[in-house]
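Enquirer: If you want the building blocks of each chain, they are given just below.
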Amino acid sequence: MQNTLPIKMEIQELSVFYKSFRALNKVTMPVYEHKVTAIIGPSGCGKSTLLRSLNRMTDLVPGALIEGKVLLDGEDIYDPKKDVVDVRRRVGMVFQHPNPFPMSIYDNVAFGPRLYGLKKRAFLDELVEKSLRSAALWDEVKDKLHQSGMALSGGQQQRLCIARAIAIEPEVILMDEPASALDPVATLRIEELIFQLKERFSIVIVTHNMQQAARVSDYTTFLLMNEERAGELIEFNVTTTLFTRPKDKRTEDYITGRFG
Amino acid sequence: MQEGLFAQVNLPKVYRRRRLTNNFMLGLTGIALFLAIVPLIWIIVYVLIKGGHYINLDFFIHLPRPMGTQGGGVLHAIEGSFIMVIIASIFAIPPALLAAFYLVTYPNTLLSDTVRFSTDLLAGVPSIVIGLFGYAVIVVPQKHYSALAGGVVLALIMLPVVIRSAEEMLKLVPSELREGALALGAPEWKTALKVMLPAAAEGVLTGIMLSVARAAGETAPLLFTALGNDNFEIGRFIHYGIASHQSVINIIGQILSQPADALPLTLWKYAQQPYPERVKQAWAVALVLMLFVLTLNITARVWLAKRKSRIRR
Ligand SMILES: Nc1ncnc2c1ncn2[C@@H]1O[C@H](COP(=O)(O)OP(=O)(O)O)[C@@H](O)[C@H]1O
Ligand SMILES: [Mg+2]
Chain A
12 MQNTLPIKME IQELSVFYKS FRALNKVTMP VYEHKVTAII GPSGCGKSTL
62 LRSLNRMTDL VPGALIEGKV LLDGEDIYDP KKDVVDVRRR VGMVFQHPNP
112 FPMSIYDNVA FGPRLYGLKK RAFLDELVEK SLRSAALWDE VKDKLHQSGM
162 ALSGGQQQRL CIARAIAIEP EVILMDEPAS ALDPVATLRI EELIFQLKER
212 FSIVIVTHNM QQAARVSDYT TFLLMNEERA GELIEFNVTT TLFTRPKDKR
262 TEDYITGRFG
Chain D
249 MQEGLFAQVN LPKVYRRRRL TNNFMLGLTG IALFLAIVPL IWIIVYVLIK
299 GGHYINLDFF IHLPRPMGTQ GGGVLHAIEG SFIMVIIASI FAIPPALLAA
349 FYLVTYPNTL LSDTVRFSTD LLAGVPSIVI GLFGYAVIVV PQKHYSALAG
399 GVVLALIMLP VVIRSAEEML KLVPSELREG ALALGAPEWK TALKVMLPAA
449 AEGVLTGIML SVARAAGETA PLLFTALGND NFEIGRFIHY GIASHQSVIN
499 IIGQILSQPA DALPLTLWKY AQQPYPERVK QAWAVALVLM LFVLTLNITA
549 RVWLAKRKSR IRR
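Protein sequence lines correspond, in order, to chains A and D.
Note that my numbering has the first sequence beginning at 12, numbered continuously upward.
Note that my numbering has the second sequence beginning at 249, numbered continuously upward.
Just chain A, with the same shape it has in the complex:
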């Protein structure tokens, strides 16, 4: 069944180094189109590193080095001919702590589109509304679009960041523990939102909350550190299979809470 699904991204033998330290060791896995892929594993095993290598945020770390390939629609995003800006336009990102920019709600959402030359007011108005609606935030903020985005609650801020990410219509959205700084109610809303968003986007989400992975994702990757503290892929499978019938003993130990 897996083989017939359209593949959006393909991670092939990916290793990431921070200077001489190997943080990730030869990870190979697919990201299926319009599916949610969860990355789980104990802290420090390289979940964020793997996620950030999917839109070249690793470029920002001095001394970081990539080995292997990350294909987006079959093209290697690390190809020297590839424009990093185009990669980031097509692969958006939502961070662990809500990070609205110090500007109005409207300007937050319009920030991305404006970068790419979309400047017409009427068009932007529509796009901002559409994005905020998709992020299930419109009704709460439609009367205060020109107030600071930093005045919102934590959960609203995170949905604003999601609206900001989808305003440039990326194809893939990366989320790094997007709900870990939020309360349970706000967490639930984000999870519902993820469920809706996968109709339009392919989503990769890092979480250290296994219930969350089980709830929101279609596929799950389990990472673990080897003896040299490099993260390795232990198991990748359909989420329900991975959680009910794990193939690897270590996966079973982790999901049953025996370590991690």
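By construction, these hints were calculated from the structure, which means they are not laboratory data.
Treat the hints with care, since some could be wrong.
Derived DSSO-like pairs: lysine-lysine, alpha-carbon spacing no greater than 27 Å straight-line [claimed, not checked]:
hint, chain 1, residue 1, chain 2, residue 2
1, D, K438, A, K131
2, A, K80, A, K93
3, A, K130, D, K438
4, A, K155, A, K131
5, D, K554, A, K155
Bear in mind that the values here come from a model prediction, so they are computed numbers and not experimental data.
Dock chain D with the ligands against the given chain A, drawing on the hints supplied.
Expert: Frame of chain A, contents of chain D with the ligands only:
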């Protein structure tokens, strides 16, 4: 009595001693606090009394009268300070902010270490030496003292203050804010200008205001560069310039190439005069200077507090 672990000690006695020690230390900190505040209040009150009754409107809108006569004001010094602080800000703030951005974006390169080290050194150079430097590289080649030379040396004094304070403030901006913008595909410069700078604006502006206050209070570097000029009056140049149909650039150029006075410079000169009138004026200048610096500081802080409550929830 107590049993077990505490059987061997007299707990009430331990508690009493702790209470006493606590009160004693609290008293010490109170005295220290008092000692720290007293000089400030003393200076403010003293200068207010000495200079206060000399301050009137004339003092702000007239040029000095000849030595030994009554009346006259310090318009020349107010305008000179104003002009030179503006020149200094223009020269110092943009490069200082750019340097600060470099330092937070690339904190650990050889160049950033070098910049930090040189900035600290520059901050430590006695201001009179900076003045001498201005004399050697600007005044001597130009063959005249000028407001421009004064402004440039004040810029050198502001530079390290702005760089280091802006760096500290930009460092406080969560890295996720920068990454958030870059992840949308924004270029570094736009991220810096549109996201980082506004996020750190309060702190950066406070740093700038403090550096302006510092520059406005400097005397020594101006001795060799601006020299002093009892007749410095911007209005006259503008009138004359307009009457003779000169361009704006020309007029500005003329103003900048004049020797200029400044409040601290005037204070320093007046305080040594044998005429009681001048010494009284010196106190009044001290008052104006002090109020300017205080206002700048207080405005910065009030403004910050307001902005903070507006932007942060
Ligand atoms: N910028 C960095 N520089 C150096 N080492 C890093 C950096 N980011 C992460 N690491 C290291 O890489 C390993 C994996 O980190 P990370 O991907 O953040 O793990 P996780 O998200 O699973 O907790 C850790 O050992 C961490 O210390
Ligand atoms: Mg992480």
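Enquirer: Now tell me, hint by hint, if it's right for this structure.
Expert: Verification of the hints:
1. K438/D <-> K131/A: Status holds; Cα separation ~20 Å.
2. K80/A <-> K93/A: Holds, at about 13 Å.
3. K130/A <-> K438/D: Holds - the C-alpha atoms of K438/D and K130/A are around 16 Å apart, at most 27 Å.
4. K155/A <-> K131/A: 21 Å, holds
5. K554/D <-> K155/A: 20 Å, holds
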